[in-house]
Amino acid sequence: MTSSYLEANARERIAQMLDAGSFEEFLPPSKRIVSPHLGQLDAPVSFDDGVVVGRGALNGAKVFAAAQEGGFMGGAVGEVHGAKLVGLLKRAVQEQAEGVILLLETGGVRLHEANAGLIAVSEVMRAVLDTRAAGIPVIVLVGGSNGCFGGMGIVARCANAIIMSEEGRLAMSGPEVIETANGVEEFDSRDRALVWRTTGGKHRYLLGDCHGIVADDTAAFREAVTQTLQGFKNNPTALSLQALEAEQAMLEQRIARFGDVADPLEIWQRLGIDKPQDIAMLEAAAFMSLAEPHRVKGQA
Amino acid sequence: MSWQLLADDLFPQGHSITEKADFLSGTAQVDGEVVAIVGTTGHTPIGIEIALSQAQAILQTVRDHPGRAIVILVDTQGQRLRHRDEMLGINSYMAHLGKCIDLARREGHKIIGLVYDQALSGGFITSGLMADACYALPNATIRVMGLPAMARITKVPEERLVELAKSNPVFAPGPENYHRMGGVAEIWSGDLAARLAQALAAADGTDRRAAVGLQRGGRNWSQRVVDAVVSGSDVQPL
Chain A
1 MTSSYLEANA RERIAQMLDA GSFEEFLPPS KRIVSPHLGQ LDAPVSFDDG
51 VVVGRGALNG AKVFAAAQEG GFMGGAVGEV HGAKLVGLLK RAVQEQAEGV
101 ILLLETGGVR LHEANAGLIA VSEVMRAVLD TRAAGIPVIV LVGGSNGCFG
151 GMGIVARCAN AIIMSEEGRL AMSGPEVIET ANGVEEFDSR DRALVWRTTG
201 GKHRYLLGDC HGIVADDTAA FREAVTQTLQ GFKNNPTALS LQALEAEQAM
251 LEQRIARFGD VADPLEIWQR LGIDKPQDIA MLEAAAFMSL AEPHRVKGQA
Chain B
301 MSWQLLADDL FPQGHSITEK ADFLSGTAQV DGEVVAIVGT TGHTPIGIEI
351 ALSQAQAILQ TVRDHPGRAI VILVDTQGQR LRHRDEMLGI NSYMAHLGKC
401 IDLARREGHK IIGLVYDQAL SGGFITSGLM ADACYALPNA TIRVMGLPAM
451 ARITKVPEER LVELAKSNPV FAPGPENYHR MGGVAEIWSG DLAARLAQAL
501 AAADGTDRRA AVGLQRGGRN WSQRVVDAVV SGSDVQPL
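Protein sequences, first through last, are from chains A and B. All residue numbers for the first sequence refer to this note's numbering, where the first residue is 1 and numbers rise by one. All residue numbers for the second sequence refer to this note's numbering, where the first residue is 301 and numbers rise by one.
Hints listed in this document are in silico derivations from the structure and should not be mistaken for laboratory results. Treat the numbers as computed from the prediction; the structure is a model and nothing was measured. Be aware that one or more of the hints could be misleading.
Said to hold, decoys possible - DEER-style ranges, computed between Cβ atoms: (1) B:476 to A:30: 33 to 43 Å; (2) B:408 to A:227: 27 to 37 Å; (3) B:459 to A:285: 52 to 62 Å; (4) B:439 to A:60: 55 to 65 Å; (5) A:19 to B:489: 49 to 59 Å.
Positions of the beta carbon are idealized from the N, C-alpha and C atoms, including for glycine.
Make the full structure from the sequences, and use the hints.
What follows is the structure, given as structure tokens:
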């Protein structure tokens, strides 16, 4: 039986990602810890402030997990939401978790509490890197309908690995923001195919910013997380000068190779893919094997 | 404020900062020690190239000058809003810069951020906000979004936002608001060289912004929620 990751909500995703019945939520909705800022702007609040955090097991291994709820303010990060993520990461370090899994679905900073959200996102970045420095791998999953944008798109790239479905999108400024700032000829936000080519999982995978593509299926995500965590067993998770110098070189080469390109299709062509227009039609497994000899293999 | 005037005030013992396409780099003397300078000017948007230039300068300092303190001078209108930057993965370039700063910290470099002009959203989050501590000049502009744009998106009338902003630092622009929330350690005036020397002496690698935000009353929930999650208890009353 398959179950769509895209259509599941945050709680369903986390329950299906972890061993059945193993998830224990921290500050669950019954505690009613809501945003202290939304009320003054007559905006609705949520009893979990749009993020589920807690501890559970993955094939018996002790893991900590968070899932952002795209259905509440697009998964945007406010003061409480951000603090729950920071607290989770700190507790994972304290309890020597075997891994942290972040199921991100977010537009970034919540504008209603923008200053708190911005500071919180930078606190999450530092907490992710503290977790990695403690020898704990941090894995990000992106497959929700809101994608992973804004400051959380940066947080995602601070993790050890990112796993996406092809429906997942990862970027910084959303197409609408770019169109508003610089016109429809800069980025037509209604051109769904262009938006997908630019921000979608397959493009990120080919460029080296994403480490695995799976079908839109919670079991497929679970399998990919299991394998990825396995890969970090007895391997370093912390930043190193060597790894960041390699990343510097990769990002420089990306500009040198593709800096003059107008459309991702041409990037895929330059990577050596014969029929780049067929990429969109491929199932995850077929895509992964087609991409393997061509994609850039990045990590940091 | 021009970076040249700022540099004269900050580094009376001398500096060798150069500007290249809005990217600042070089060294300066502080209390007889050499510090590395990295930054931006001209309110430049942070695109993939200038993010990478800053990262390169940080990595070079870590590689060639172990332990040398780093000062990040911030002036940016935010991340560059172009299709090309997004296509090439600007979030990865920003994250790379943030990771380079974090590596420098772990390798024992003290890192101070200074917002001397503008600091907007995505351009700020991987520069000044990744330093050990970030400071600001009184006339600095710090924000995610101006109130008119925020009014359009949140559908709350601008007059109401202006009114609310008088008492609540959580969404309105300005270094005082970031100070109250712990995101800005102090707002500097007077002898900038002395302020910088003090900041460098006080810098350490612990992120205390949530605790400071609670002390100052500008961000009352963050630290308490972190503590509740870590200790498995309820959120403590104020």
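Verification of the supplied hints:
no., hint, verdict
1, B:476 to A:30: 33 to 43 Å, "holds, 37 Å"
2, B:408 to A:227: 27 to 37 Å, "holds, 36 Å"
3, B:459 to A:285: 52 to 62 Å, "holds, 56 Å"
4, B:439 to A:60: 55 to 65 Å, "holds, 57 Å"
5, A:19 to B:489: 49 to 59 Å, "holds, 57 Å"
Every hint, counting from the list given before, is met by this structure.
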